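**Student:** For the protein sequence lines, the chains are A and B, in the order given.
Our numbering applies: residue 7 is where the first sequence begins, and numbers increase by one.
Our numbering applies: residue 22 is where the second sequence begins, and numbers increase by one.
Just to be clear, a hint being listed does not mean it is correct.
[As the list claims (entries may be wrong)] Mimicking BS3-like on lysine-lysine, the simulated pairs with C-alpha atoms at most 27 Å apart in a straight line are: (1) B:Lys37 to A:Lys23; (2) A:Lys654 to A:Lys720; (3) B:Lys38 to A:Lys654.
Rather than coming from a laboratory, the hints here were simulated on the basis of the structure.
Since this is a predicted model, take the numbers as computed values, not measurements.
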Amino acid sequence: MQPVPGTPLENTADSAKPGQLRRIGFRLAAILLPLAIVFALEWGLRLSGRYQSTSFWIPHGDSGTWMPNPAFAARFVGPSMARMPRSGLVQPANSTGPDSPLRILVFGESAALGDPEPAFGMPRFLQALLEARLPGRRVEVLNTAVTALNSHAIREAARDSRDLKADFWVLYPGNNEVIGPFGPASMPSGAPPSLAAIRFGLAARQSALGQWIANRQAASASGLSLTQRWTGLDQFLERPIPATHPALPAVRDTFATNLRDIIQYGLASGAQVLVGTMAVNLADFPPLGSDSPRDTNSPATRSWMAAVEAGRSADARGDFAAAVSAWTNAVAQAPADAETRYRLGLARLNAGEFKEARRDLELARDLDTLRFRADSGINQATRDVVAALGSPRVALVDADRSLKGTDPDRPPGADLFFEHVHLRPEGNYELARLFAESIVNSLGSPAGPNAWLSYEDCLDRLGWTPFAAARVWGQIRTLAQRPPFSRQSHAALRDQYVEDRVADATRDARTLGLTAAVTRLKSAVGEHPEDWELREQLVRLLQLGRQWTNAVAEEREVLRRAPGHVVGWFELGESLAQAGQRDAAVEAYQRALAIRPDFIEARLGLAQVYSDSGRPTEALATLDGILNDAPQDLYARVNRGMILIGMKRSDAGIEELQRAARDNPASTLPLVRLAEVYSAQNSHAAAASVYAEAVAREPANPSLRHRMGIERSKAGQPAAAEAALREALQLAPDFYLGHLDLGVALAQQSRFSEAVPEFEAAQRLQPTNSLPRQYLDLARKKLQEGGGN
Amino acid sequence: MWELVQEFARFLRREKKWWLLPLVAVLLLLGAIIVVSSSAAVSSFLYPFL
């Protein structure tokens with residue numbers, strides 16, 4: 007039956023159509039709208055510049071070359087804690103044919119990078135060794151290692167490096183599996199996420215939305231700095247990971263999975279893969295954390311303490327057999343205590359029981375609760391992965407067992423390592439030899455022991471000078487003064503050793519002389535003009551010699567080959583500023599900040615150049631940027647104060663200096679600047695008072711006492727001035743200005759007979775300076791005239 | 022957790038509200054990103070950047 011037009015049935019059908027359409031529209035919107043919102047958020051963030059490429063290699067402009075991505079590490083540790091890769095420009099695909107270079111990619115962490123001075127890291131020695139061993143072939147060693155990352159990051163870098171078609175991949179990872187990204191020590195809960203969650207998180211951070219969410223939650227630091235400002239080590243002190251920690255088996259499994267993937271990527275790219283186990287300092291590095299018995303009231307603990315005391319006593323007597331016995335007894339009572347096990351290992355070394363000593367020292371490393379060194383589990387995982395793959399194109403380089411120092415019986419120690427894992431140049435040479443021998447064997451041209459470039463020749467090739475040695479050992483000295491290193495049981499002995507190395511390097515630098523060092527470096531650069539890391543060593547020497555124009559020219563050459571080298575742009579800015587080329591300096595600093603906006607020294611330098619160029623407003627804005635990220639930054643606060651004073655806003659400037667002094671109670675810099683301001687205002691009593699505060703902070707500084715004396719003298723306090731100047735001279739008997747100004751202070755009190763020997767001392771210290779002579783003549787004349795006493 | 026998922030599936034089937042699925046999936050995805058990103062790692066570097 008057909009419905010009759012106008013009946014209720016037809017009306018129902020007609021009215022259902024709009025409702026149905028609405029329902030379909032609603033459902034379509036419900037399906038599409040969430041996706042559209044996510045899509046819009048993603049592209050909104052990208053278009054507003056909140057997206058960074060996560061690839062390890064990124065194109066360098068239109069040049070057809072690639073450079074390492076400065077933002078690569080941000081995905082793993084957040085943007086403010088991310089360190090950067092160091093490679094220069096590379097051609098995407100290795101060319102083939104007789105002229106093709108032998109391309110080697112090195113993957114790893116700070117030990118592979120070459121911290122504390124990557125220009126003398128293992129990859130650099132590998133370059134030098136292979137160049138000399140394969141004279142007819144161009145060798146290109148590319149260092150992709152990044153400090154503070156681990157196998158999760160290396161896996162991503164490896165995947166992105168397949169298209170480089172390297173001949174060899176050298177893998178040297180494993181030290182950061184516990185303390186690095188997603189390791190149990192770096193997670194507040196102590197429990198690392200599952201591998202699936204880690205990989206999902208890393209994949210999510212390839213999107214702008216994921217990066218935005220991750221960056222908002224990332225731990226923050228004050229910014230990239232050329233000085234050791236970061237105090238993150240303290241966080242690890244609070245999170246010890248004992249050998250029995252339930253997360254460790256999973257850490258090793260995850261490492262093995264990542265390592266397997268990395269090797270497979272290498273094989274897929276056509277490379278031969280050399281996989282290193284991690285050599286660490288066993289002999290001269292006491293554990294950073296120990297799981298020691300704590301209940302001093304329990305008989306068991308007291309018995310252990312007595313055994314420890316007996317061991318120490320035997321060590322002190324040089325009775326090594328008794329020491330081994332005592333420490334064996336102590337270990338039996340506290341088998342989980344890393345320090346006790348380490349002491350047993352040392353005692354056995356001293357007793358000549360090298361094999362047993364090594365076993366104990368390895369156990370001590372494994373028991374260390376601050377797991378900054380790859381343990382035996384990680385190294386075994388590496389061996390197992392290589393063995394399981396069973397590929398002729400994968401070779402194990404067992405550095406853990408093969409790396410030898412000056413005494414082949416002794417496990418690796420201070421002769422190879424600066425501290426726990428970072429190798430001295432001597433160690434990097436030995437490690438590079440292990441990899442180089444494996445590479446040359448694979449190439450079918452095995453070398454005899456004398457076929458290799460010597461260590462000394464490698465140093466010359468790489469531009470090592472005593473000036474570099476002094477710089478590096480100075481960094482080690484700074485590091486050793488901080489926890490946990492300062493708390494190690496051998497701290498006093500180690501500190502003396504480091505002091506001796508600093509003294510040796512300083513003396514050698516003085517003997518060689520800067521001019522000779524520059525000549526040596528120029529010659530090396532002439533032989534290897536494309537080696538930007540070598541050229542950078544020359545730049546450092548030129549800066550040391552204040553040859554700013556030459557430094558600028560050389561730094562530009564460095565940056566032509568390594569345009570992503572953020573420190574290079576900063577150093578160029580510094581040299582340009584010193585050379586008086588302020589506009590160019592601003593541009594160089596801005597190039598550095600375009601790569602790393604949180605680079606503190608570049609921002610400080612930029613602010614200084616703005617200030618020197620009569621642009622105080624821009625200088626203040628730049629410093630405000632630093633203080634916004636790091637409100638207690640000493641230099642930014644002090645410089646801000648000085649700029650305000652230069653703008654005739656003295657009260658605001660003084661307030662800033664006072665705040666800097668409060669925020670940095672160990673520093674004398676803000677007090678010195680404040681005193682200088684007071685002195686310039688002729689407020690000498692106030693200046694003297696501020697210097698007194700500075701002296702209280704740094705009592706052994708003769709210069710501060712001298713300045714205090716001068717201000718007291720100007721404030722009409724001659725007795726107090728004399729006291730301060732005498733204190734300065736007690737601290738530094740050969741202090742020229744101290745003698746001169748003490749003489750003046752005495753002469754002002756008409757005590758000419760006492761002033762004369764001070765002027766004589768000043769004259770002796772600076773015989774070419776006419777001022778002490780004039781004062782001396784005047785004082786003697788006064789005495790002859792019968793004035794004073 | 023599994024019971025919650027099952028109950029939600031029953032609800033979708035009974036009420037024929039399959040259109041809710043994309044919304045829930047997107048919310049779950051964003052939630053998962055927030056959770057995996059919140060595992061903020063600390064980092065250890067001993068030496069200044071050179």
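**Student:** Would you mind marking each hint as holding or not holding in the structure?
**Tutor:** Structure-based check of each hint:
Note on Lys37 of chain B and Lys23 of chain A: the hinted pairing holds, with a Cα-Cα distance of about 19 Å set against a maximum of 27 Å. A hinted pair counts as satisfied when its Cα atoms are at most 27 Å apart, and Lys654 of chain A with Lys720 of chain A qualifies at roughly 24 Å. At most 27 Å may separate the alpha-carbon atoms for a hinted pair to count; Lys38 of chain B and Lys654 of chain A exceed this at roughly 71 Å.
In the structure shown, a violation is registered for the earlier hint numbered 3 alone.
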